[in-house]
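**Q** Spelled out, the chains give:
There are 2 protein chains.
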Amino acid sequence: MNFTKLEIDNMDERFRAKLINSVSGYKSAHLVGTADSDGLTNLSVVSSVFHLGANPPLLGMIFRPHSVPRHTLENILETKVYSLNHINLEIVKQAHQTSARYPKAQSEFAATGLEEQYLDQFTAPFVKEAKIKLAMEYKQHQTIELNNTVMLIGEIKAIHLDINCLQEDGHVDLTKADSVCITGLDGYALPKQLKRFPYAKP
Amino acid sequence: MNFTKLEIDNMDERFRAKLINSVSGYKSAHLVGTADSDGLTNLSVVSSVFHLGANPPLLGMIFRPHSVPRHTLENILETKVYSLNHINLEIVKQAHQTSARYPKAQSEFAATGLEEQYLDQFTAPFVKEAKIKLAMEYKQHQTIELNNTVMLIGEIKAIHLDINCLQEDGHVDLTKADSVCITGLDGYALPKQLKRFPYAKP
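Chains as they are written, first to last, in the working numbering: chain E, 1 to 202; chain B, 1 to 202.
Just chain E, with the same shape it has in the complex (with noise of 0.2 Å):
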């Protein structure tokens, strides 16, 4: 079946943005960890990281314009740095639950039982039970104006995984870590690894 541009813009609200989330494909799923200056926590789960480059080691993430309060942002702007955590399949529940409109003085590690880790002086909190986590510095943000989100762009400063996932050449083994993906706004899947490919030549 199709879609046209008039018929995506005349749509319900709702159902446009669970069609439009879920129609570009798998999303990566990470806890964002961070805390204001005061040391006040918080943790969100987030599907909009993605990879900008290895060397230096870069990601991006969106931040949608209107979803006030945004404690995470204004987190990473005041103190520069952040936790990466991936979402594995014991904490998918929890992981979702931090998506729930907690006030600012409330953390979502007490509201949902993850449990806060501090590793080698980095201020930003991790998750214990994630498998590999990442701490992230601040580099840069910039509004895209189209549509008024945020892109915000950290440097990867350390990373810390289990080192059964860990394969000879680099790669990561997600499957190895019971990582796992969102499609759309709520929906999460377990990936199988199929194959790795030998670099392609004509």
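Derived from the structure by calculation, the hints contain no laboratory data. Even glycine gets a Cβ: it sits at the ideal position worked out from N, Cα and C.
Covered by chain E, per the in silico footprint, the following chain B stretches (three or more residues, Cβ under 8 Å): (1) 14-25; (2) 52-60; (3) 85-95; (4) 152-159.
Following the hints, position chain B against chain E.
**A** Here is chain B on its own, set in the frame of chain E:
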């Protein structure tokens, strides 16, 4: 185990590329279909498409700085249109083969055996074997100065999908389309739907 920023900086370049490309989590898996102004077609596997917003329906895509020649980017800038075609289980091998460096005169469609399809007067070629296809219109692009990658933003002008993928509320069940996702530079994975969660409340 841990990698510090210093260790990442000093890594063998290929090890680092594989590590950083995979440690950010699962990525979407598309074939980008384009043609130049003479109608010569090009097809390229990409893992860098990301959701930017539902209204207007916008997707971003990242191009590496030095992967010359970049026929896909050149074609999009020349014609302002492109197609995004979900890679599914049946065409994974052919999809990966499009990453080989074919000369511009040789279309990856012919080289890999994937079939060109034209729908609704849209001038960019679709992949007939794909079950979810998006007609995209170029909106803008910019160079990210931190690493000279190019971020291109396009708008969804039409959606073509198998009707059995579409749920009543607009959510697209990608498992019904056998859509795959990508890890790292060369890994493909097939997700199994776990669950859709209700809107979370505190």
